[in-house]
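In the order they appear, the protein sequences are chains A and B.
If you count by the working numbering, then the first sequence holds residues 1 to 155, one letter each, in order.
If you count by the working numbering, then the second sequence holds residues 1001 to 1288, one letter each, in order.
The set of hints was computed from the structure by calculation and includes no laboratory data.
Only a predicted model underlies this, so the values are computations on that prediction, with no experimental measurement involved.
All C-beta atoms, glycine included, are put in the ideal place defined by N, C-alpha and C.
Be aware that one or more of the hints could be misleading.
DSBU-like cross-link-like pairs, simulated, lysine-lysine; straight-line CA separation at most 35 Å [stated by the list, open to error]:
(1) A:Lys-2 - A:Lys-14
(2) A:Lys-7 - B:Lys-1062
(3) B:Lys-1287 - B:Lys-1229
(4) A:Lys-3 - B:Lys-1027
(5) B:Lys-1027 - A:Lys-2
(6) A:Lys-3 - B:Lys-1062
(7) B:Lys-1156 - B:Lys-1047
(8) B:Lys-1163 - A:Lys-3
Anything over 10 Å on all C-beta distances counts as not near chain A; from chain B, calculated [stated by the list, open to error]:
(9) Leu-1224
(10) Lys-1233
(11) Lys-1250
The lines below spell out each chain.
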Amino acid sequence: MKKITLKITINGRKHTLRIDPNLRLLDLLRDELRLTGTKEGCGIGECGACTVILDGRAVNACLILAGQCNGREVVTIEGLTGKDDLHPLQQAFIDHGAVQCGFCTPGMIMSAAALLDQNPTPTEEDIREAISGNLCRCTGYTQIVEAIQAVADDN
Amino acid sequence: MIPFNLVRAESLEEALDLLDRQPPDVKIIAGGTDLLVELRSLSPREKGPGIVLDITPIDELKGIEDNGSTITIGPLTTHREIAASPIIREHAPLLSTACSTIGATQHRNIATIGGNVINGSPAADSVPALIVLDAEAVFKSKNGERVSPLKEIFVKPYRTDIKEDEILTALRFERLPEGARSSFIKLGRRNALAISRMNIAVIIVLEGNTIVEARISPGSATPLPDRIKAAEKILIGNEPSEELFRRAGKEVSGEMINRSGIRWSTPYKQPVIAALTTRALREAVEKR
Ligand SMILES: Cc1cc2nc3c(=O)[nH]c(=O)nc-3n(C[C@H](O)[C@H](O)[C@H](O)COP(=O)(O)OP(=O)(O)OC[C@H]3O[C@@H](n4cnc5c(N)ncnc54)[C@H](O)[C@@H]3O)c2cc1C
Ligand code: FES
Ligand code: FES
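From just these sequences and the hints, can you work out the full model?
Structure, rendered in structure tokens:
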């Protein structure tokens, strides 16, 4: 395997990296850059735990090669906030009891953040559609939808 | 993930050059939502592609064009873009609907129509819509261009007749004529229930209250994507009615059994595809 050069902006920081060509975006984030907020559940696009925002849109980081992100901009859960304060979505998830084990939470929040960037005043149907690719095994979706709705209502 | 090298093509010419030089060893990647699942399932001992060729930087393979009669879609156009396109919503609304049902938001944001077609799954949702639109596929290689009716590229499930040195460069079809109505219905929005991935695409053209043209294509029902001409014939020359649509639905399910044989899933699929067809025809007539 020949290493390739990757120029990529992650959470506002520009990187120039030499990477293996078979690395997924998920591997780059977790293993190379230690941004372990992004989770790997299924690895085959079914669970949404690996959701990040690529050029403004939610994508599964397990289904895209890092090398395909040259010149592009990625936001992960770590990039949603400043150092101390929580993003309104993160606070709302806590307030509405939308987190239990937390494994799905980063992906859920990134899907919700992408939705609210595109559509600040979504309907409940829009919210359910936006997180339909994110599975949660614990909380139940009602609290999650309520948390997102609460942030939307403040918009 | 098995090892491979990655080549990022900046132009169609560069991609075709590479395919021309090393055909058997190269695998094209677009959105990667089928390919990466496939590569991930290979064990380290299995042989993968030596080179993965990323065509996503090639701008000329993206976007939707309408020249007033023919609509041309670049293979790298994503399902999200097609679902949202004003051109497609106006002149081929059933394709917009079909693409909006594919996977979840995360998939539609990167998965492409070209990948959906070339992957060749009998459950590919854009395909029945493209088939009733009588779409053509355009392929390019170093040696020139090849145009084929879309229907004819499918050889068997998960296999098309694309040559090793070719790239799918466009999908194109005529705008729906005045008076045409269309519908696409998919059973089960998500793929959690694998058996229920059936879908149906229909177009009917009315003159006054008489059906003068009909095109019907079911997905996940026949081994190869196709129109069901026998069911279309039942409709042509008649006025829309519930009874007529039921007969057409029965014909589609009968034809499914003729082509696929009786399988373990037949007792389920037979009434379902008949009912889906009837519902799609009803919905098409009620629209507009
Ligand atoms: C969780 C999940 C859910 C899904 N749900 C659905 C669904 O509901 N409906 C549905 O239809 N599909 C579904 N899919 C399948 C997949 O997302 C689609 O088939 C998608 O359109 C594939 O496009 P892609 O760009 O990702 O293709 P890729 O994976 O990049 O490519 C697929 C194949 O096509 C070839 N290829 C791609 N572009 C070209 C080209 N221009 N020229 C030549 N060859 C090319 C590649 O070499 C590869 O063999 C789902 C997938 C996942 C993982
Ligand atoms: S880990 Fe990517 S969708 Fe499950
Ligand atoms: S909180 Fe445990 S999976 Fe969602």
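Evaluated hints:
1. A:Lys-2 - A:Lys-14: holds (23 Å)
2. A:Lys-7 - B:Lys-1062: holds (22 Å)
3. B:Lys-1287 - B:Lys-1229: Holds, at about 23 Å.
4. A:Lys-3 - B:Lys-1027: Given pair Lys-3 (chain A), Lys-1027 (chain B) holds - Cα atoms ~18 Å apart, limit 35 Å.
5. B:Lys-1027 - A:Lys-2: Holds. Lys-1027 (chain B) to Lys-2 (chain A) sits at ~16 Å (cutoff 35 Å).
6. A:Lys-3 - B:Lys-1062: Cα-Cα ~28 Å, so holds.
7. B:Lys-1156 - B:Lys-1047: Status holds; Cα separation ~23 Å.
8. B:Lys-1163 - A:Lys-3: Holds: Lys-1163 (chain B) and Lys-3 (chain A) sit about 29 Å apart, inside 35 Å.
9. Leu-1224: holds (26 Å)
10. Lys-1233: About 38 Å separates Lys-1233 (chain B) from the closest Cβ of chain A, which puts it past 10 Å; holds.
11. Lys-1250: holds (33 Å)
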